[in-house]
Every structure is written in C-alpha cells, then in structure tokens.
Amino acid sequence: MAKTVAATGNEAVANALRQVNPDVSAAYPITPATDIMQRFTSFVSNGKVKTEMILVESEHSAMSACIGASAAGGRVMTVTSSQGLALMWEMLFIASGLRLPIVMPVVNRALSAPLNIHCDHSDAMGARDSGWIQLWSENGQEAYDNTIQAFLIGEHMDIRLPVMVCMDGFIISHSIERIEYLEDNEVKNFIGEFRQLNPLLDIEHPVSYGPLILPDYYMEFRKAQDEVESKVFRVVLDAAKDFEKISGRKYGLFETYRLDDAEIGLVILNSAAGTSKDVIDEFRNRGIKAGLLKPRLYRPFPYKETGEALKHLKAVCVLDRADAFGGSYGPLFIDISTSLYTYSKKPILINKIYGLGGRDYLPEHAELVLNELTEIAKTEKVKTIKEYIGVRG
Amino acid sequence: MEKIFQRPASLKPVPFRYCPGCGHSLIHRLIAECIDNLGIREKVVGIAPVGCAVFAYDYFNFDMLEVAHGRPPAAATGYKRVMPDRIIFSYQGDGDLAAIGTAEIIHAANRGENISVFFVNNATYGMTGGQMAPTTLLGQKTTTTPFGRNNETAGYPLRVAELLSTIEGASYIVRTSVDSYKNIIGTKKAIEKSFRYQIEGKGFSLVEILSPCPVNWKLSPIDSLTWIQTEMVSVYPLGTFKDKIKEIE
Ligand SMILES: Cc1ncc(C[n+]2csc(CCOP(=O)(O)OP(=O)(O)O)c2C)c(N)n1
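Quick mapping for you: the protein sequence lines, in order, are chains X and W. When the letters of the first sequence are read in order and numbered with my numbering, they come out as residues 1 to 393. When the letters of the second sequence are read in order and numbered with my numbering, they come out as residues 1 to 249.
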C-alpha cells in the first residue's frame, strides 16, 4: 500500500535512496543537493540502510570513489549540483566509458561565474553528452519515481550505464508537495538484487577496467557505446510499464499535454512545465489549440518519437533554462530542431531562454510566448528565432 | 576631542551579516586593521573562498577576486606572478582549503609562492549547514556525523599547519586562535607578519586561525570560545610551526 506524505523533493529522493539501500555512496555537500546526502547520512547513522558512506573531500573524489565501488561490483549512488557536477566532469566520462550503472540525482543549479545557488539547467546540460542517461523530473513525485526507475534502467544487463536524475533546485528540491511513497518492499522487489557484470576480484575471471586502448580498438569501444544508447529507449519504456503496475503512475520517453490536436505548442523541461500547463488550459478555454511536450528521457534523446509527436503543429516554442554558448540556440532547441529536420512539413520553431540563475518563470511568460505562437501560426512570420525572456535591458 | 578608535579604512561602512558570535567578522577586521597599519590598501588584492566568507567582498574595501571552491591558492599564484608588486592574500575555510582545495594549498606552499593565506578553521563546513570537515574533531557531532566523527570511517582531524610546515617551500606557518583577547592580539600579529614577509619577498606564509561557529556547533557564542580552549586547542595546538626567515637569521 502506498503512503501519501507531504515532503520536499529532496526528502522524497532521499527516501527513494533509503528504500534502494545501495551498497556504497560517496558524496560532498553542495547546495541545493546537500540536504539529500545529509538525510542519507542520517539513515546510515541510524542503521536504516546498510550503505557504506564515504565523506570524501570533493566531488571529483566522490565520483572516483563511486567508480571504484561500482567496478568492484556494488550498487552505488551519489548526489550533486552545479559546481559539484562540473568538477566531476572528467570522471563522468570514465563512469560511462566503463559502463558502470551509478545513479546520481542532480539538483539543478546555475553554474559559476557569477556565483549563483539558484535553479537553472546549465549544470546537467553541460554534462548532456557525457554518456550518462538523463531523466528529468517536473516535481517531487517524478523525482522520487525516476530515482527508483533509474536503478532498474542503468543496471539492466543490456544497458549498464550511469543515470542522472534531474530536478529543479529549490523550486522542487525545497518545496513541500503531496507525494506518494511506495512500500519499502515494493521498491526492493522492483529494482531486484544487484547483478554484477565483470566485477573486480572475481579470481576465476580477472578483468581490467579502463585500460589504455590506442587507435587499434578505441573506435570500436565508442561504437559499442553508441549502439547501447539505441537500446535505452525500450528499457526505459519497459521499466515505466513495470513501475506503473506497482504505482499506478504512467511514464514514457516524454509527456504530452493536450498535444494531439494542438496547433501551437511549448517544449519545456522540469518544473516550468507545470506552470505552462495551467496557462495552456486557459488558452484552450479561449478556444486556442495549445499543447505541450515535456521531455523526460533527455539522454539519449528520442529524436524519432519526439519529431513524430510535434510534426503536425504549426508553431512551437522551445524554452531553455540554459543557453548553449556556441553562438547558436539553447540545448533543448537544438535537439528539437534535429528531431524535426527530416520532415518536409514541420512546425515553425522559436527558442526562448528563461529562468537563468533562479529568475522566476511566471504564467505571464507562458502567456506571452503562446500569444506570439498564435501570431506566428497565423502569419507564418518570425521576428526573432532566439530571445531571452524575463530579462532587463 | 581626539578620535582614538574607528572603523579601518579597509572595511566598507556596512554591518557584518555573519551569524552572532561567528569568527569571520572578527578575522575580517583584524586583516583590515593590518592592511591599514601597513599602508597597503591600494595594492592589496584578496581572494574570497567559497564558504561563509564568500561575502568577504561585501566588507573589504579593496579589490577582491572570487574563483571556485578550493582554488584560491592557484588563483593567487596567477595573480601574484602577473603583479608581483601587489599584495595578494587568500582567505579560506577548512572545506575550501583542507578538503576540496588540499592539492592547491600544498603546491602553492611547495613552490614557495610569495603570498599570504589566512585559513579559518572552524572544524565544519559552515556555509552548507555544518557537515563534517576534514578538521572536525573525533566525536564531534555534525549534520553528516550525527553520532560524532568516527575515525574508522571518517579518518582523523587534519592538522594543516603541521602538514605544511614539513614543506620546504613554505616560509612562515603559524596557528593562532580568536578565543580570547590575548589570542586575538596574537592572531593580528601573525597576520601582520605574514603580510610583512610578503612585502619583503620572503615567500609563502599561512596563518591558521581557530575560529568559533556557534550556530553549527550548537553552542552559545561564549560556550563556543570555551570549546575552542577546552577541545580544539588540544588537537590543534597554537604556535609557530615554521619560520624559515627566523631560522636563517
Ligand atoms: C565544487 C563545489 N563543491 C561544493 C560546493 C558547496 N560548498 C560551498 S561552501 C562549502 C563548504 C564551506 O566550508 P568551509 O570552507 O569550512 O567554510 P565555512 O563556510 O565554514 O566558513 C561547500 C561544500 C561548492 N560551492 N563547489
């Protein structure tokens, strides 16, 4: 029987990690993720989990310790945000290259400089091509559910990849919501026993992790890594199906909201999707056919399915809570345009950058964008493709 | 009437927003007084840490640089190499200097960089809410060691002054405290000496300062001072661990 509680996003994720009861965790505190590791160390101290907790001296060491523990054959997790994730960068590629199914909730926070502790997605976006699977979460419930599913997905024998679970710093991590928890044994049965793949110290079958591979074989390794990405979609959908059986909650590669017959649409990640849905309802009440697509599995990105879901629209705005400083567009926009490029008939796309460093995303912002899309759908004319909104000067 | 006591020119006319009884405001003031005394305000550049004193630039009335958690000694090195006539100091907590930035401080000392480092040891990560630091005492309760630090899983208090004093490149390594008038005066003398060594090109110096954190220690400001005297000083003895110049002289 599920239990309904009032909890913050961090509390919910910490509870999911308690229910998973991993073998090892190594972590270094950083706002706004600190709260998760701090709650988890209490579970360790109070004997609620059997996890070996290592209070390391930095995130670089945290991820390194996780890599060691995972290669040794343990179920492993850590948590971080922003600068912590940035400092792990080197080790992120080692974890994915070694195919180690480490799970890491990332509480999204802006990157320095200037120093800022509030929400945007520049941290996880900076790690989007590191070979980690990324699941994004709109609210505390999704963060809880995604954390549990992350273990099943990453540890799947066809996959064996590390997984990041993203949620918005403060907006979700520190806000109290109604959340349904599964029973401890339901979570335990769902994720099952940890299965080892080529663990260290299996004396009969000695292995080396991460050896020097020169031009003779390096490319084959990379091709294998690319191939496994294509298997992730099915595994994510299977995990969602199994999860629905125990929770009653449905998950997919992305969520669509009033999109099937929509003419204009928003594509937006995480908590701001919630705000946008309310505004879409208002537009629908006024007879305007608006809809929304919220990516969930962001890496690997389901280009085909996303393109299919959006291709019938007249105009779409992709809202990015991070910019990709390449003289181009926000990272999500780049992916959405890629997903549509094979279609001859496709929506007109625009890109808005919003909410950086914790700047509020308000219903007025969604309204403004939907009005602009209505106009674009009518006239087929675009003033500016990319624009910052909610910004001075 | 003659004015005999005033705010140092090196501090901006704003109130400190640190917690009541926190050592940071006191140490900021001591540094500011020393800079005034030495008349170096116009050539000093401070490097702020990531930690509670991240706001140091709101208080110090001279140029400050903010980098990333643990990196001030490397940034200070770069600054000093470009502007050798400037006086560069880094101001760091025990998370910044003794956890995430351990490599930087050891190598800045080993290269004998001509900089001053003020290291505030409050035995915890203050800013993130009182987690265990490498400097946390055995048995000390923190938010990540609710039953006290246990050396079997979390190791031992790291003695930075002792560690750095073994490094040949370091010139002046001292540990002081701000738990009493006498020790506050001693801290000020050490800070001034560190700046003087830098002005005279005598190389790397570090002043480790035992400093109270009443909020995270869950003690009153006064009890925090007593805790330094009864608990901290026995693990972190005060004194000069290295003074290369004095040895040579
Ligand atoms: C790479 C990175 N990891 C973690 C943090 C989060 N963080 C900010 S301050 C801090 C600890 C500060 O403790 P300390 O240096 O002892 O200074 P105090 O706040 O006690 O003065 C941590 C872990 C960060 N900003 N950057």
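There could be a bad hint or two in this list.
With a cut-off of at most 25 Å between alpha-carbon atoms, the simulated DSS-like pairs for lysine-lysine come out as follows [said to hold, decoys possible]:
| # | chain 1 | residue 1 | chain 2 | residue 2 |
| --- | --- | --- | --- | --- |
| 1 | X | 289 | X | 245 |
| 2 | X | 48 | W | 141 |
| 3 | W | 141 | X | 50 |
The hints are simulated quantities; they were obtained by calculation from the structure and are not laboratory data.
Hint-by-hint comparison with the structure:
1. Between the alpha carbons of residue 289 of chain X and residue 245 of chain X the distance comes to roughly 33 Å, so the proposed pair goes past 25 Å and is violated.
2. This hinted pair checks out: residue 48 of chain X and residue 141 of chain W have alpha carbons roughly 19 Å apart, not beyond 25 Å.
3. The suggested pairing of residue 141 of chain W with residue 50 of chain X holds, with an alpha-carbon distance near 21 Å, which does not exceed 25 Å.
Comparing the model with each earlier hint shows a violation of hint 1 alone; every other hint is respected.
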